[in-house]
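Here the protein sequences line up with chains Y and W, keeping their order.
Under the working numbering, think of the first position of the first sequence as 1, with each following residue one higher.
Under the working numbering, think of the first position of the second sequence as 1001, with each following residue one higher.
What the hints contain is simulated information worked out from the structure, not anything from laboratory work.
Each statement offered as a hint is correct.
If you only want the chain Y side, here are some residues facing chain W, beta carbon under 7 Å, derived:
id : residue
1  : H64
2  : Q216
3  : E223
4  : Q259
Simulated crosslink set (DSBU-like; lysine-lysine; CA at most 35 Å straight-line):
id : chain 1 : residue 1 : chain 2 : residue 2
5  : Y       : K198      : W       : K1322
6  : Y       : K75       : Y       : K129
7  : W       : K1322     : Y       : K211
8  : Y       : K109      : Y       : K51
9  : Y       : K281      : Y       : K76
10 : Y       : K198      : Y       : K335
11 : Y       : K76       : Y       : K347
12 : Y       : K48       : Y       : K347
13 : Y       : K347      : Y       : K211
14 : Y       : K205      : W       : K1322
15 : Y       : K121      : W       : K1322
16 : Y       : K109      : Y       : K312
17 : Y       : K288      : Y       : K211
18 : Y       : K281      : Y       : K347
19 : Y       : K212      : W       : K1322
Estimated spans, in silico, between C-beta atoms of each pair:
id : chain 1 : residue 1 : chain 2 : residue 2 : range
20 : Y       : K108      : W       : L1313     : 44 to 54 Å
21 : W       : V1124     : Y       : P147      : 45 to 55 Å
22 : Y       : L190      : W       : V1330     : 23 to 33 Å
23 : W       : I1049     : Y       : D264      : 24 to 34 Å
24 : Y       : S343      : W       : V1124     : 33 to 43 Å
25 : Y       : N206      : W       : A1324     : 31 to 41 Å
26 : Y       : E103      : W       : M1142     : 32 to 42 Å
27 : Y       : G100      : W       : S1154     : 20 to 30 Å
28 : W       : L1040     : Y       : A96       : 43 to 53 Å
29 : Y       : T104      : W       : L1116     : 44 to 54 Å
30 : Y       : D175      : W       : L1116     : 50 to 60 Å
31 : Y       : K198      : W       : I1052     : 31 to 41 Å
32 : Y       : P147      : W       : S1154     : 36 to 46 Å
33 : W       : F1120     : Y       : K51       : 51 to 61 Å
Keep in mind that this is a model prediction, so the values were computed, not measured.
Heads up, the beta-carbon is just placed ideally off N, CA and C, and yes, glycines get one too.
Listed below are the residues making up each chain.
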Amino acid sequence: MTKLTSRRGMLFGAAAVSAGAVLAGCTSNDPDSGDDKAADTQPAADDKPGKQVTIGYAGPQADHGWLNAINDNAKKRAEKYSDVTLEVTEGSNDTAQQIGQIETLINKKVDVLVILPADGKALTQVGLKAMNAGIPVVNLDRVFNSPQAYRCWVGGDNYRMGLNAGHYIGERLKDKSGARVIELSGPDNLELTQERTKGFDDALKNYSNIKKVARQAADFTVESGQSKMAQLLQAQSQFDALWNHDDDQGVGALRAIEQAGRDDFVMVGGAGALSAFQAIKADSGVLKATVLYPPTMAASAIDLARALGQGKGVGGLAEYEIPSSVTCYSAVVDKDNVDQYMSTGFK
Amino acid sequence: MTQHVSPPRDGTGKAAPVDGPPPAWRTLTARADVRTLSLLGVLAVLVLIGGITQPDAFLDTRNLQLVLTQASVIGVVTVGVTFVIMSGGIDLSVGAIVALSSVWATTVATQEYGFLGILFTAVVVGVGCGLVNGVLIAYGAMVPFIATLAMLASARGLALQITDGQTQVVTVSSVLDLGERDSYVLGIPPLVLVFAAVTVIGWLVLNRTTFGRRTVAVGGNPEAARLAGIDVRRQRLYLYLLSGLCCGIAAFLLIVLAGSGQNTNGNLYELDAIAAAIIGGTLLSGGRGTIVGSVLGVLIFTTITNIFALNNLQSDVQQIAKGAIIVAAVLVQRRTASTH
Chain Y
1 MTKLTSRRGM LFGAAAVSAG AVLAGCTSND PDSGDDKAAD TQPAADDKPG KQVTIGYAGP
61 QADHGWLNAI NDNAKKRAEK YSDVTLEVTE GSNDTAQQIG QIETLINKKV DVLVILPADG
121 KALTQVGLKA MNAGIPVVNL DRVFNSPQAY RCWVGGDNYR MGLNAGHYIG ERLKDKSGAR
181 VIELSGPDNL ELTQERTKGF DDALKNYSNI KKVARQAADF TVESGQSKMA QLLQAQSQFD
241 ALWNHDDDQG VGALRAIEQA GRDDFVMVGG AGALSAFQAI KADSGVLKAT VLYPPTMAAS
301 AIDLARALGQ GKGVGGLAEY EIPSSVTCYS AVVDKDNVDQ YMSTGFK
Chain W
1001 MTQHVSPPRD GTGKAAPVDG PPPAWRTLTA RADVRTLSLL GVLAVLVLIG GITQPDAFLD
1061 TRNLQLVLTQ ASVIGVVTVG VTFVIMSGGI DLSVGAIVAL SSVWATTVAT QEYGFLGILF
1121 TAVVVGVGCG LVNGVLIAYG AMVPFIATLA MLASARGLAL QITDGQTQVV TVSSVLDLGE
1181 RDSYVLGIPP LVLVFAAVTV IGWLVLNRTT FGRRTVAVGG NPEAARLAGI DVRRQRLYLY
1241 LLSGLCCGIA AFLLIVLAGS GQNTNGNLYE LDAIAAAIIG GTLLSGGRGT IVGSVLGVLI
1301 FTTITNIFAL NNLQSDVQQI AKGAIIVAAV LVQRRTASTH
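Bound-form chain W, shown alone (with noise of 0.2 Å):
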């Protein structure tokens, strides 16, 4: 799991010449490792909390299959964000999105396609989503945080005018049926294997393509980005594309978990994408992140959620409990690296 992602950076954070010294570059590898393992280390923690308060129910396959289903639809959507962040943006639409395209994809007109229907719309409206907030950013010359709290406003009031605030229950079959145990591959639940398969694509694009090296690039110092030949704004377009269709991705697996579409779909996953990201060692204002570090955030989220449920502990204590978590994994991280 070596992360070469980071480009080397010195401390007033432009980037550094791409022939820097070898050694630069041994040492933030060894740091974005030690930000990985101090994560599995939480995880580690919440395991063992688990295991003890609750042995039976939480060391348990189903219990994996249920921990992994639930972590897999605001999975998808925070690979998508931490492109994003990492680029220098941000995208708060990202709910809003989900919201839309589940809805679209849930109409009785869209059911009546039936399956292939239903997925071409959700991801058709989650990347049409994207390009628009790419285009508004990108060209537009518009603050990711303003455009994307537009398109936030008006992708929620969009999907409360196509359900009229009704719930659209899906009844194709085909579609339930893949979030029935029937369908589990291996034991796999196939809304696993996608979030598994968008997070290997995920490293890949960032790690192993220039697409990846670039987006580093704008994000660490667009101005360096642009003199060294990228052409930032195309590439901002792109990232935004990318968000929407990770949103989209995502609402077709909501779909088939939920089994409906409705308004209130993807209520704030922009937050627990974002807060994801942000522990998972992402960088707010771009240039640094690792898709590892976020889809182990989102798992330790949704570790936390389960261990609480399982304990019969209320969503006030829930809530509380994750403030300080969140704080606690940073400080951790932080303080881990700065060590090493």
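Okay, chain Y solo, but in the shape it has when bound (with noise of 0.2 Å):
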């Protein structure tokens, strides 16, 4: 071998040889070859009772709809496995209280352990303690600062909400020359907030007819959304769409358009709350979509913390072993789908 040869051709050799032999593993159709297993014999996790788990699972307190949505989900998932026993912990917003009660959980050696942080980065040192104690953490939602604090995350994705309005409304204006667009976000204080924008700004990018003309902070309540409402309201007499970005304060939202008896523009949601699916699916009003930020997410959080106790894959990959982040996607909701996603609405 000479020089040359060296570093770059190794990589380019093995390149090329994992590229036969992914190339080799998808013409593969026969059953009996000897080197499929992964895909057949890894035994999935599926509706069938399996070895007894006990999930710890923390989160924080249900102080709106969304949260409490989610403390719903895995709880009903966790009744609809028998081998399944869920350890509730009260829900607490106080770090301090969250990482005693998670400190309990981990001493009485619960097998897995479900973890919705208040405060992620706050948090990350007892999820590192769980896992050191060999208990495989599902991290929730709110990310830990490192990733050795947990074995798979699970959560939404907040810059895909944006894109996702963003296209949504883009598509519905896309014919019409200057379109004016307003935003109505959360509160600016944090970074999903920030993500929410950046996403939704990236989208109207596409469209060059498309111009968002103003945007104000609302901080999630019902108060806030129609009091920041009225005056984008007031201080747009026209425009085409709005974004909202979520639900509980688009209630407020709604209110003050109704206040202001104005019909002349399309309302796109977010997070999805029964409220809003409802008025999507009566189509009475301004709202014809909401971007999900489903709270089935906790769902599938016991679903993989069941999985890594019974020691088995997820249905559906190829994989041994579960992934080790999964980030749920924020479909777009509108009359055509609403019927599928109603039994998700949150109050």
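Assemble the dimeric complex from its two separately framed chains, guided by the hints.
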């Protein structure tokens, strides 16, 4: 071997070999071939009862509809499985208290932990502690500081919420020249608000005829939604579409729109509240769609925790192990598919 | 708008004899007027800024209706808080009481009793919380800061327990209709009429009744007030009841405005109300203050928010400017008052 073959050559070689392996895997239809055990022999978690698993669940205090739905989803999913015992702590927004609760669960030697931290950064240490004690942690939504603190993260996609809202509005307005769009965001001090706005702006860049003319931040409450929306309506005498980040504050925003007697635009919501789904289904007002931040992710977290506890993979995927990260899709719910999501709507 | 609010006080903060020299009265009256005038000046500057930056959207009847409507809820709360602060107390629980009243009045069970059921519940819950505050402070000898802080925590907790974190949407149409344009009286929204009525009654009570004079006396010097034969404890109890009543009324207005009850309602109202009262010239240590000043304080804050929103300025800029304006307003007032 000359010097020239060195590392790059080896890399190319390795790449070629693995590409070949992938191709072989893709073309192989023979069930008896010896090397396809990954997909077929690895047991995937399914509804059939398996080994008993005790899952410890620690979430924050459910002080608004979405978090309430998260806790409900987790509990209902666990009840569905006869082989799952769920140990639920009392929800707390106090970091110290939540750490204490999780430490209690570690001492009880639960098989798997599902943690939705009140504050991801502050609870990283206790996540690490659980992992070091041999208890796999499923980190729900608010991410820990270090990947060492969890075995699997499952959560929502704020950037894509904005992206999908922007694309939905863009497609509706693409034939309208000089289209004007406004945004009613969540609180600016939250990173998720910045991500949602970034996604929304990025999507709108694809439509040169659309301009975002105003943006105001509410704080996820009905009261602030009403107040900020009333001001936006006064400021913008004409616009074509509105994206509201959150359906809870949307209750107030819709109230302000009704009070101002305006119906000359399309509104898209966010998160997926039951009241929004009902309004979309009725199709009688400005609200035409909402972008999900699905609370079903908590049910998926229980599924993943159960699979971890039973040492199984996820059905439908070839992997031996469950993924280390699952990002839930921020689907757009409109009149056409709202029935499918109705049961996931939260109050 | 003459304000006969402040009793004569000397430099040490002790109440001067009630039959003090007339010149002192006159000076104080004039000073109160200067304060009010300077607030009106601040408001005029804001209107000018709004009119220049957004002539169409700002100088518009609908915008005036909007600003006054947005000011109504916090305005009613501030009138109650002004009385409490003037008596040397503080009420940190107003936001939490508004939240509790608004969710209690919008539960499915309460909504079955219709308009009056919702109104009655909101007011009774507000007064009830005020009663607890008042008894703890007046007869339990608790410091107002601590007692109302405890109320803040427990009322918010109870509100959360009642709603279970859910938004309670109001379906009683007579309540919702009150917030619609159709029910405006001569172009004035009903919420604004309530706010105006509370302001006028508050002004009359403070300036034209024994109750008002006792409030000021208790705030100026409780010991002197006691020696003058005022039942200080009972007066304090009544003041927290009054604050609770205002919260109950405000909660009803908020239900009409937002069409729902939520445990997050009234978020940080305590700070907004105290800030409005302070820039309105109410002394945090008690003994001096005016209803007109507090209401102007509320209007200044609401107008600022409105101008910022119409100019599409973001919340970071809004917050910085709000802080700066509080400082500026207080400095301007102090200067005009002292150079007079």
